[in-house]
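One-letter residues, chain by chain:
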Amino acid sequence: MSPAGIKEPGVNRGGAITLPPILGGGGEGRGGESPDFSDRLRRARLGLAVGITPVIMLFVSLTSAYIVRQGLPTLDENSNKYVHDWLPVRLPWLILLLNSSVLIVSSATMELARRDVTRESALAPVRLIPGISLGQERRFPWLWLTLILGIMFLLGQWMAWRELADGGFYLATSPSSSFVYLLTGMHALHLVGGVIALVYAAAITLARQPVESRRVVIDVTSWYWHFMALLWIYIFALLEFAR
Amino acid sequence: MATTAHVHAHAAPQGFIRKYIFSLDHKVIGLQYYFLALTAVFVGMFLSLLMRIHLIWPTAQLPLIGEIKPETYLSLLTMHGTIMVFFVLTTAPQGGFGNYFLPIQIGAPDMAFPVLNMLSFWTTFVAFLVLIAAFFVAGGAPLHGWTGYAPLSALSNSGPGEQLGADLWITSIALFCVASLMGALNFITTTLDLRAKGMTLMRLPLTVWAWFITAILGLLAFGVLLSAGILLLLDRNLGTSFYVPLVVVNGQLMGHKGGSPLLWQHLFWFFGHPEVYIAILPGMGVASQLLSTFSRKPIFGYRAMVYAIVAIGLLGFMVWGHHMFMSGMSPYSAFAFSLMTMSIGVPSAIKTFNWLGTLWGAKIRLHSPMLFAIGFVSLFVSGGLSGPFLAQPVLDIPLHDTYFVVGHFHLIMGVAAIFGIFGATYYWFPKMFGRMMDENLARIHFVITLVGTYAIFMPMHYLGMAGQTRRYSQFTEVAYQTKLLPLQTFMSYAAFITIGAQLIFLFNLFWSMWKGAKASDNPWEATTLEWTTATPPPHDNFGGLTPVVNHGPYEYNVPGVSKDYVMQTDPASAPAH
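Chains as they are written, first to last, in the numbering used here: chain U, 1 to 243; chain P, 1 to 577.
Only chain U is shown next, with the shape it has when bound in the complex (with noise of 0.2 angstroms):
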């Protein structure tokens, strides 16, 4: 339960109002091996939501400078005339229909991997009652899926790449080759982000950390995740539709 709905105060144990009243209790798991781990994950999770409100607010500004862009004439040394330059960008979109499959798919697994955890860790409990066992299971390696697929996806955005540049479109060709290779480029930073999180929680599966531990980093980065994957559909759509 978060404090914030406490409107009871407990009974105060402390001392007399003189001295600082302070409850007892000490020793719960500090710099121990006992963390209480529903709260690690509701802080972990709160904390992703917190940090997922500037990456949005980034994609915003981007947005925003791009529709703004789009509709603005600019000076031809030329005919000394206001012109509208906006040269649509075609997109390879084979290519990148083909790579949004790809990161649709990731985020299912990636969910299939999150709920393998979760119920592993349910029953983490369990196993640890002696003379209980719960048969070893073999278990669909998802999180590995997610991984490859991850890589793959990022593959296929530099082969759309190399597509657009074999088009005639650099980065500094026109104001639309611009943002169209800031946007996926910065989606796909921040989907190395996500990557670097999978590799982790992959290695502290190898190492065998605690279950509950391993639930955490898997449930967060399976949040981030699937918001990088409506990322990236958003802004398929935005250069798709909005062109």
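Bear in mind the hints are in silico, worked out from the structure with no lab data behind them. These numbers were taken from a predicted model, which means no experiment stands behind them. Hints are supplied without guarantee of correctness; some may be wrong.
What the hints assert, rightly or not - FRET-style restraints, in silico, Cβ to Cβ: (1) 94(U) - 238(P): 46 to 54 angstroms; (2) 255(P) - 204(U): 48 to 56 angstroms; (3) 238(P) - 85(U): 13 to 21 angstroms.
Said to hold, decoys possible - One side of the interface only, derived from the structure: several residues of chain U facing chain P at Cβ under 7 angstroms: (4) 41; (5) 43; (6) 165; (7) 171; (8) 172; (9) 190.
Said to hold, decoys possible - Quick look at which bits of chain U chain P covers, simulated, 3 or more residues with Cβ under 8 angstroms: (10) 48 to 55; (11) 65 to 75; (12) 173 to 183.
Built from N, CA and C at the ideal position, the CB exists for glycine as well.
Since the structure of chain U is provided, determine the placement of chain P on it from the hints.
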């Protein structure tokens, strides 16, 4: 109770490096931020000293520096502004005091994400080094002002400082954005998730409210500045044209085409205006805390104070256009921005009214922190009153880019925020270092600083009304401007004295750290949680214990209680509210 304990997963560090350099302890990180800001403020002040010298003796030969050229003057003002806004006004009140006291005031053993907290400080530190490095590269520091308007800032041949120096400047700002975002994330999560039992939102000290709202502003604003900076770097180095239109520099047609300089202004000021509140809100929180404590009265209208902070934060995002009345914007947008800007006067007036209401009829204890808190209110009012002038397009057009603007923002954003920092320093020094600062030196420091800053910045309003423009390096050669020179000379002398007086503060700070009188745990007889714990606080703030809060933050002279203050952790049997 277990809610807070395990956050403090890291044990008390042993080695020097883990304890003082790469520390995870929010208190050490807070001090690191504070001393970074202290270094930065003296660098920034030194730059302003050079500018004040140059303005009245433009051809003076300075030892080691020589004569200050006009372009050097522009570098000085750029770096002065950047250092002061980012590395002092954003760093000290939020990163410094916020880091140190927010967790203690809400009864938490540390920030929610200690590692992120450490990264945030060290990124800020690197950002500062990168910025200072701009002085030492070919071409020197940039000259585009702290607002970095494109296309001046976007072309490397637009001036001597616009080569590598400008790239370093943008890199530094971008790093600072990332660091501030990490800090804001920590502040928000900590405030929402780590409050002690009984610490409801309406029992938070107003300092915590101010830090919390400031963090939200930072979270929403710095991402936008980051994207603006990325576009600028691309324009400068990869040939894109986000900000640069078809432009001829020194008779040479540049390769750029079709960019919009206004785009930079919109993105920059969407960050820049909230940044003003990022600088001043923590000062408001500190002023509220100090006025209540030293008046021995509850803060007048606690809820109104909270709502006013929230309202100022919210409105702060809707007024960025008032920096751009001169940009040729539609009069209808100008009217909308003007109206929104004026409406900020309402929550500001509520705050001022409540501060005065707190002082009204009180048995005031005029200790040095209180002097600075009252000074804060004075400067906030004097600086704030020129705001409505600048908020109206018809008045802003003649006053834009004159000394009137410089006077306005220095009083309200610069000096008022600095008074908040001074007040906080004198108030919390005993808790941070276990000793008291010297009261007499503090009073001398206060009097000279208050009179001195008014003497520097008040005349600027007259200069502005007389039409003297800002950012001009020399007024001595223009017949009309020379008539205003005596006033500039007066301001320079006032600046020399005020800057000199800061050495008193510096001496007092360091002398008191080792030689000051020993402080008790609660020397000011204040009520918030930091005064319930030992001085200085132990590694986990409460020595393995978890405080339980039963009272609001400002219960002074509650009827029916014999003592004149009720600590937040006192038993609930003492009458509440």
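So, going through the hints one by one against the coordinates:
1. 94(U) - 238(P): 46 to 54 angstroms: Given range 46 to 54 angstroms: violated, Cβ gap about 27 angstroms.
2. 255(P) - 204(U): 48 to 56 angstroms: holds (49 angstroms)
3. 238(P) - 85(U): 13 to 21 angstroms: holds (19 angstroms)
4. 41: violated (11 angstroms)
5. 43: Constraint on residue 43(U) satisfied, holds at 5 angstroms.
6. 165: Violated, because the Cβ-Cβ distance from residue 165(U) to chain P comes to roughly 14 angstroms (cut-off 7 angstroms).
7. 171: OK, holds: residue 171(U) within 7 angstroms of chain P, min 6 angstroms.
8. 172: Given a least distance of 4 angstroms, the restraint on residue 172(U) holds.
9. 190: Nearest chain P Cβ about 12 angstroms off; hint violated.
10. 48 to 55: holds (count 5)
11. 65 to 75: holds (count 6)
12. 173 to 183: Answer holds; 4 residues pass the 8 angstroms Cβ test.
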